[in-house]
Amino acid sequence: AEIYKNPLIEIVKIREITKTENEYKTISNFDRRVLRESVEEINEKSMLKIDFAKVRKGRNYNFAVQFNISSEFDEKPYREKKLG
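Per our numbering, residue 134 is the first one in the sequence shown, and the count goes up by one each step.
Honestly, the hints are just simulated from the structure, not real lab data. Hints are supplied without guarantee of correctness; some may be wrong.
As the list claims (entries may be wrong) - Derived pair list, reagent style DSS-like, types lysine-lysine, alpha-carbon separation capped at 27 Å: (1) Lys138 - Lys187; (2) Lys187 - Lys146; (3) Lys152 - Lys182; (4) Lys182 - Lys146; (5) Lys152 - Lys187; (6) Lys152 - Lys138; (7) Lys190 - Lys158; (8) Lys138 - Lys182; (9) Lys158 - Lys146; (10) Lys152 - Lys190; (11) Lys190 - Lys138; (12) Lys178 - Lys138; (13) Lys146 - Lys190; (14) Lys152 - Lys178; (15) Lys178 - Lys146; (16) Lys158 - Lys187.
In this text, all values refer to a predicted model and were calculated from it rather than measured experimentally.
Work out the full structure: start from the sequences and follow the hints.
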């Protein structure tokens, strides 16, 4: 699958988007309950394939997430399914 995007998003921004600013105080809980669960659901229910890595920014515990998003739309089984 072709890689379409690799956005790097700060954890603070992801917390704003997901409205979890006051939940999952530790990065490990946020990782497990928000990031991993969301990515698993997207991977199961769509043609997108997402994985991610946490990136430490600076000396303190300011993290960002590097997403790797690809699509299987161009793969042969999908094309045959759509054409057939």
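When you check the alpha-carbon spacing of lysine 158 and lysine 187, does it fall within 27 Å?
16 Å, holds
Pairwise hint evaluation, lysine 178 against lysine 152, where the allowed Cα distance is 27 Å at most
22 Å, holds
For a C-alpha distance cap of 27 Å, please report whether lysine 138 and lysine 182 respect it.
Holds: lysine 138 and lysine 182 sit about 11 Å apart, inside 27 Å.
Hint check: lysine 178 vs lysine 146, CA-CA at most 27 Å. Holds or violated?
24 Å, holds
Just to be careful, I want the Cα atoms of lysine 152 and lysine 182 compared with a cutoff of 27 Å; is the pair within it?
Roughly 24 Å between the alpha carbons, so the hint for lysine 152 and lysine 182 holds.
Please verify whether lysine 152 and lysine 138 have alpha carbons no more than 27 Å apart.
This hinted pair holds, its Cα atoms lying about 23 Å apart.
Measure nothing beyond the straight line between the CA atoms of lysine 182 and lysine 146; if it is 27 Å or shorter, mark the hint as holding.
22 Å, holds
Hinted pair lysine 190 and lysine 158, Cα distance within 27 Å
18 Å, holds
Given the hinted pair lysine 178 and lysine 138, is their Cα-Cα distance within 27 Å?
19 Å, holds
Take the C-alpha atoms of lysine 152 and lysine 187, compute the straight-line distance between them, and say whether it is at most 27 Å.
Judged against 27 Å, a Cα distance of about 19 Å means the pair holds.
Is the straight-line distance between the alpha-carbon of lysine 138 and that of lysine 187 27 Å or less?
Holds: lysine 138 and lysine 187 sit about 16 Å apart, inside 27 Å.
If you draw a straight line from the CA of lysine 190 to the CA of lysine 138, is it 27 Å or shorter?
20 Å, holds
Violation of the numbered hints given earlier is absent; every hint is satisfied by the structure.
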